[in-house]
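Asker: Residue numbers (my numbering), protein chains in the order written: chain A, 3 to 361; chain B, 3 to 361.
Among the hints, erroneous ones may be present.
Identical copies carry no separate label here, and so any pair may be met within one copy or between two of them.
[Unchecked claim] Calculated cross-link-like contacts (lysine-lysine; reagent style DSS-like; alpha-carbon spacing at most 30 Å):
1) K314 <-> K339
2) K32 <-> K158
3) K314 <-> K32
These are computed hints drawn from the structure, not numbers from a lab. If you're wondering where the values come from, they're calculated on a predicted model, not measured in any experiment.
Number of protein chains: 2
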Amino acid sequence: MAFYALIMAGGVGTRLWPLSRRDRPKQALKLVGDRTMFEHAIDRIAPIFQPEEIFVVTGAEHVGSLAAQAPELPLENYIVEPEGRGTAPAIGLGALHLLRNDPDAVMAVLTADHFITDVPQFRQVLTAAAEVAEDGHLVTLGIKPSSPSTGYGYIKQGESLAEVDGFTAFRAERFTEKPSAETAVHMVESGEYSWNSGMFIWRVDRIMEEFERQMDEFYTQLAEVQATLGTPGYKPTLDRVWPQVTKQTIDYGVMEGAADVAVIPVDIGWSDVGSWASLLELLPADEDGNTVVGPHVGIDTHGTLVFNRDGKRLVATIGVQDLIIVDTEDALLVCPKEREQEVREMVQLLRSEERNGYL
Amino acid sequence: MAFYALIMAGGVGTRLWPLSRRDRPKQALKLVGDRTMFEHAIDRIAPIFQPEEIFVVTGAEHVGSLAAQAPELPLENYIVEPEGRGTAPAIGLGALHLLRNDPDAVMAVLTADHFITDVPQFRQVLTAAAEVAEDGHLVTLGIKPSSPSTGYGYIKQGESLAEVDGFTAFRAERFTEKPSAETAVHMVESGEYSWNSGMFIWRVDRIMEEFERQMDEFYTQLAEVQATLGTPGYKPTLDRVWPQVTKQTIDYGVMEGAADVAVIPVDIGWSDVGSWASLLELLPADEDGNTVVGPHVGIDTHGTLVFNRDGKRLVATIGVQDLIIVDTEDALLVCPKEREQEVREMVQLLRSEERNGYL
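Excised from the complex, chain A in its bound form:
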């Protein structure tokens, strides 16, 4: 079986501002340890994929930075979108390239901006999932919920479809987008739901079938690009077609209506590290409940994240509780934990004020 990884590395990670920027996206950040998120993503799969089996979908503005982080990948494995159109088109474009390599390929759609603590188990489940996918199932990795989060999509497990290497693949009965708090509690208590990790394993021909069936306009557009693959017409065609592609996520566009979806629930210490509070959960706290990266002196300071990785400044706090303080070379954020979702609004505000240097 030919098995490929397609790493999605197109986002910016707005909610991690001021650390994340247009030209310093989340996947290029050293949020956990001394490796960037993209380096972690490559490290995780390096033992099970050869460099030439790893593909990356991203934007032109990120290729240089990503290639510098993973020089072992062939440059031609970076698949460049002229502009981001959501996860469905990104996966579709990646699938085209893999299809050209190998029509029978199985592909793992992976992310460059998530963190996983149990990497050995992650590798095992990828290999197991590939076996399940060979039978034609669209496999999604489900994450065993650690809390009734309303920030994730949920997948309901149905009957068991297969057992491979100790992992069970269940029929995915239903996708529920970000639920209400009450619904989330019920779902988690039932034990029948997993979080949608955004990681998928499937045969390339199967996902193309689904694009054809469920996203026919996109499929036609994809076919137009496909006809030019490996020719000088490829880039002009992509540049012309892509802006016309309707933005769509793989969940809405394909998974919710797909035939034969399987979910393999795993407990691999997955975190989407989507925001400062989620990073807080990932990093170890000291005895005062503070999570500190960089020089800090606190008096009566509790439950606070001080993220100051470049260490150029001492952060001194007095009488501070549940605060997020992120210090970077040119911008500083101070925000209570409970309002961390509004970091996105801050970035919008800066954009509307055309303070482009901070974006």
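Guided by the hints, dock chain B onto chain A, whose structure is given.
Answerer: Same frame as chain A, but now just chain B:
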């Protein structure tokens, strides 16, 4: 009448950390407008004193910085203490130098780290106070209290001693050090009390008399130094004697027990700018009650001081109330307004941890 100014410029202003440092004391800071506190102090009195009539008491480590700020003062007018021993010895040393210049001199003891908004009235009261002082009174400038602050000393006004240019000099009946909140309320409501501004006007021979009478050990030490004035023995003598001088404030050491003290109450917009919250009161607030110096973007931010004068970083705040945020090149402070007095403890903590670069 020979009238001299003696500016006390020896302190550091610990509670204004991280802006204030050992080598960047409060008087060298641009807290209000584009002039340093010392420049403000010189500007205020420049129309009534010639440069050679202005003397400055400070530490050796500050002379260079102060001289750069006020190059018009003769260098020999900087009177250098080997180490700070409190305001009484500083004033005593200054008095020695003035006495040598002119035994009949009247001196105004002024501060380099206070701010005054009504400068014309300040100049008028200085001139009027000098007239009152000529008669032998030890004149202190009293500040009309704007609140029942427990952070200042209070002076009780007795009978009227003199009227000069519309200012009334009252007999100072009693000095009360930082009172309880209840006492402060009573004192302010009575209308008979002024804050002790730490600014004094007196004949040099009169203050020497008081040193002789009330601080006889210090007076003997001072006489030892006096004998060497203008000789090569001056500095070695001062260096030997000064460390033996008992630390003492002019209030405890002299004023509380002095004969013939007068107070002239004035309302000159005086502020000691002793801490971040007091600076907050001095600077104009925007419609959200925020006081901002430097680049700032806020979402739902109220009553907050953002002091970021070097403007090298954007300070972004979300959902923040009554916070003090001070950003400097190498250190950042985040502290609720109500705990600003603990900035002093932060500096002590840094000292105890020998983080000398931040002191």
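Asker: For which of the previously enumerated hints does the structure constitute a violation, in increasing order of number?
Answerer: Hint 2 alone not satisfied by this model.
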